[in-house]
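Peer 1: Use the sequences and the hints to build the structure in full.
Protein chains in written order, with our numbering: chain A, 29 to 190; chain B, 6 to 108; chain C, 327 to 430; chain D, 52 to 340.
One or more hints might be untrue.
[Stated by the list, open to error] With a straight-line cut-off of 30 Å between C-alpha atoms, the simulated BS3-like cross-links for lysine-lysine are:
1. Lys-99/B with Lys-143/A
2. Lys-90/B with Lys-182/A
3. Lys-59/B with Lys-90/B
4. Lys-84/B with Lys-78/A
5. Lys-160/A with Lys-78/A
6. Lys-142/D with Lys-106/B
7. Lys-98/A with Lys-179/A
8. Lys-99/B with Lys-142/D
9. Lys-37/B with Lys-160/A
10. Lys-78/A with Lys-99/B
Keep in mind the hints are simulated off the structure, nothing from the lab.
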Amino acid sequence: MPDRHANPDAPADPARRAVLQLLAAAGLIALGTGRAAAAVPGWPEEAFRKTSQADALAALYGKPLEMSDKVTLQVPEIAENGAVVPVSVGTTLPNVTSVTLLVPENPNTLAASFKFGPGVAPAVSCRLKMAKTSPVIAVVESDGRLFGVSKEVKVTLGGCGG
Amino acid sequence: MPSTIRVRATASGERTEVQALVQHPMESGFVKDSNGQTIPPHYIEVLTFEHDGKVLLTAYWGPAVSKDPYVKFAFAGGKKGDELKVNWTDNLGKSDSLAAKIL
Amino acid sequence: MRRTWRRCALACAGMLLLAAGARAATEAEAGAALRAAEQQQAEAARLRNRWIPAEAALKAAREALRTRDYDRATELAGRAEALARRSVEQAREQETAWRDAVIR
Amino acid sequence: MRPRSSRRARAATLLALGAVVATGLHPSRAEERPDPAADLRAFQAHFRDRFPQLPIAEFANGPYAMDAGMRQQWEEIMQFPPYDFAVEEGKQAFETPFANGKRYADCFPEGGTGIRQTFPYFDTAAGEVVTLDLAINRCRERNGEKPLPYQTGLMASITAYMAETSRGKPFDIRIPDDKRALAAYEDGKRFFYSRRGQLNFSCASCHVQAAGQRLRGDVLAPALGILASFPIYRSEWGSMGTVDRRFTSCSAQTRSEPFAPQDPGYRNLEYFLSYMSNGVPIAGPGTRP
Chain A
29 MPDRHANPDA
39 PADPARRAVL
49 QLLAAAGLIA
59 LGTGRAAAAV
69 PGWPEEAFRK
79 TSQADALAAL
89 YGKPLEMSDK
99 VTLQVPEIAE
109 NGAVVPVSVG
119 TTLPNVTSVT
129 LLVPENPNTL
139 AASFKFGPGV
149 APAVSCRLKM
159 AKTSPVIAVV
169 ESDGRLFGVS
179 KEVKVTLGGC
189 GG
Chain B
6 MPSTIRVRAT
16 ASGERTEVQA
26 LVQHPMESGF
36 VKDSNGQTIP
46 PHYIEVLTFE
56 HDGKVLLTAY
66 WGPAVSKDPY
76 VKFAFAGGKK
86 GDELKVNWTD
96 NLGKSDSLAA
106 KIL
Chain C
327 MRRTWRRCAL
337 ACAGMLLLAA
347 GARAATEAEA
357 GAALRAAEQQ
367 QAEAARLRNR
377 WIPAEAALKA
387 AREALRTRDY
397 DRATELAGRA
407 EALARRSVEQ
417 AREQETAWRD
427 AVIR
Chain D
52 MRPRSSRRAR
62 AATLLALGAV
72 VATGLHPSRA
82 EERPDPAADL
92 RAFQAHFRDR
102 FPQLPIAEFA
112 NGPYAMDAGM
122 RQQWEEIMQF
132 PPYDFAVEEG
142 KQAFETPFAN
152 GKRYADCFPE
162 GGTGIRQTFP
172 YFDTAAGEVV
182 TLDLAINRCR
192 ERNGEKPLPY
202 QTGLMASITA
212 YMAETSRGKP
222 FDIRIPDDKR
232 ALAAYEDGKR
242 FFYSRRGQLN
252 FSCASCHVQA
262 AGQRLRGDVL
272 APALGILASF
282 PIYRSEWGSM
292 GTVDRRFTSC
302 SAQTRSEPFA
312 PQDPGYRNLE
322 YFLSYMSNGV
332 PIAGPGTRP
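Peer 2: See the structure below:
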């Protein structure tokens, strides 16, 4: 059971801040030399570190991507907030084994990848963070081949409305 | 303490629709706190859904998944009253799991 | 890049000017400027209309005075006073002006 | 940024000065007797005329009632709203007895269920506006518990739960025939329409004049019904926030020093705004960008 998530708005107590600073220092080292802690087994660490779409896909699948109108991607034209962008992917392609979401303008391109077991419908929805206006690319692995679709999402500066 | 996982799984006919929401900060490691300190990355790496001893969906997530993440999918073969197991593990080695009933 | 250079050049020119002609502010001048700003800000507080940038400039001026940077303290206090003065003017205007915005 | 905004402020100051002169010509206005019922009619008529196709209940949904693209994202998010955790936490806290064995339910009419729409109210005994949040903390203190911080956390969770039990019930705010109640109402109204801060904005600048328009990335919510969805989970905050949190951030956005939470100024503003929204059903807790 993880700790109850600390409220980001509350001022950190000194002990907590010290721990955060320590963790931040560790994080900086990790950025330089690779991760300090071992990733969860199976988590595609290398692909998540890539900053270009091609590198991320190469690390994750190692095969070429072709664009296809058989993949549907539902994203907003203008994101109401870059912190929460609803994304839905679906396809009419057969034997889907995975779906991957990429946001090329994010610091790390790979956002999420879903592995589908047998009997699972080839569609998934989730919510992503987007640092700025960017295409969102959905990749579907079907019969061992990669099919993709790309749609741009505008991310505007928020902070005033509601 | 309440679970960090909320699941809504509803069977209608052959199809079971699953929605889940996880309470997690999903810190990207790119954000600074009010003292100018970088908030260290803290995000779920793997989330799994199991039914009847088989893994239905494995989500591999990175820092670009939103805070309090959400996921929706559907599968065939679930029945009302079946158990659905959900488990997540994050980059700091924390984890949580929940067994939910399909409604 | 070019803007950075230009800014740097301007700053250098400014420093030269200061060194050549302008007289540095004294502790007494900085203190007086700060008191004037604090007075305006106290009036803004009485009218419940303090502005964030006025308060920020005032804080920075106090800090500059504490570190004996009297030029900076004087400049910041002047800025704080001007902002606080405008906030006081705004509050006095709005005492009646708000009625014109009411939906009728 | 600074020179531009100060120029804007200066221009606005000139405009405001002009307004002072104009008001000077109509001295009668400054001495009007408060007439909340007439204000309410005019206020709601204004928004009905501006958005004639919108049923009154929709005003509770703020920007999502104004923009189709935003509404679609909202509907996606509402499939599993992020405030669910807060409602659960709030329900649990609401039902857990205090150390002395009493509960929140003992402090409120109807056991605290389905009463959100009656807050804030004017307490004629104490001579002040009492918001739901204030009532919760007074309940805690009467029962020997420490008050909760007002802007987020458990206060947001408890009010989220209490709002959820009141969904669909129209705002039903009353202004008793009491000089102090009328003064509190008038003070809230004055705050709502007064320009404040370095940016020289009033609440009305954004939520009346510019309601429904985009300001940077956001669509501005109309003032009518704006509090019906509180507390809210804001994506921008990544957490829950109460009315105090919203007022505080609104003030800061105009570069005005915010009041302390539950300052009488903010309470009176909430009283005015909620009264103006009489008839708009409670839809809280809500989500916002």
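Peer 1: Given the hint that Lys-78/A pairs with Lys-99/B, does the C-alpha gap stay at or below 30 Å?
Peer 2: holds, 24 Å
Peer 1: Within 30 Å, alpha carbon to alpha carbon, are Lys-142/D and Lys-106/B?
Peer 2: Status holds; Cα separation ~22 Å.
Peer 1: When you check the alpha-carbon spacing of Lys-37/B and Lys-160/A, does it fall within 30 Å?
Peer 2: Holds, because 17 Å separates the two Cα atoms, which is no more than 30 Å.
Peer 1: Check whether the Cα positions of Lys-98/A and Lys-179/A lie no farther apart than 30 Å.
Peer 2: Given pair Lys-98/A, Lys-179/A holds - Cα atoms ~14 Å apart, limit 30 Å.
Peer 1: Mind checking the alpha carbons of Lys-160/A and Lys-78/A for me, to see if they're no more than 30 Å apart?
Peer 2: holds, 18 Å
Peer 1: Holds or violated: Lys-84/B with Lys-78/A, Cα cutoff 30 Å?
Peer 2: violated, 41 Å
Peer 1: Is it true that the CA of Lys-59/B sits at most 30 Å from the CA of Lys-90/B?
Peer 2: holds, 10 Å
Peer 1: Within 30 Å, alpha carbon to alpha carbon, are Lys-99/B and Lys-142/D?
Peer 2: holds, 26 Å
Peer 1: Between Lys-90/B and Lys-182/A, is the straight-line Cα distance small enough, at 30 Å or below?
Peer 2: Status violated; Cα separation ~36 Å.
Peer 1: Checking one constraint from the list: CA of Lys-99/B to CA of Lys-143/A, max 30 Å. Satisfied?
Peer 2: This hinted pair holds, its Cα atoms lying about 22 Å apart.
In this structure, the hints that do not hold are numbers 2, 4, in rising order.
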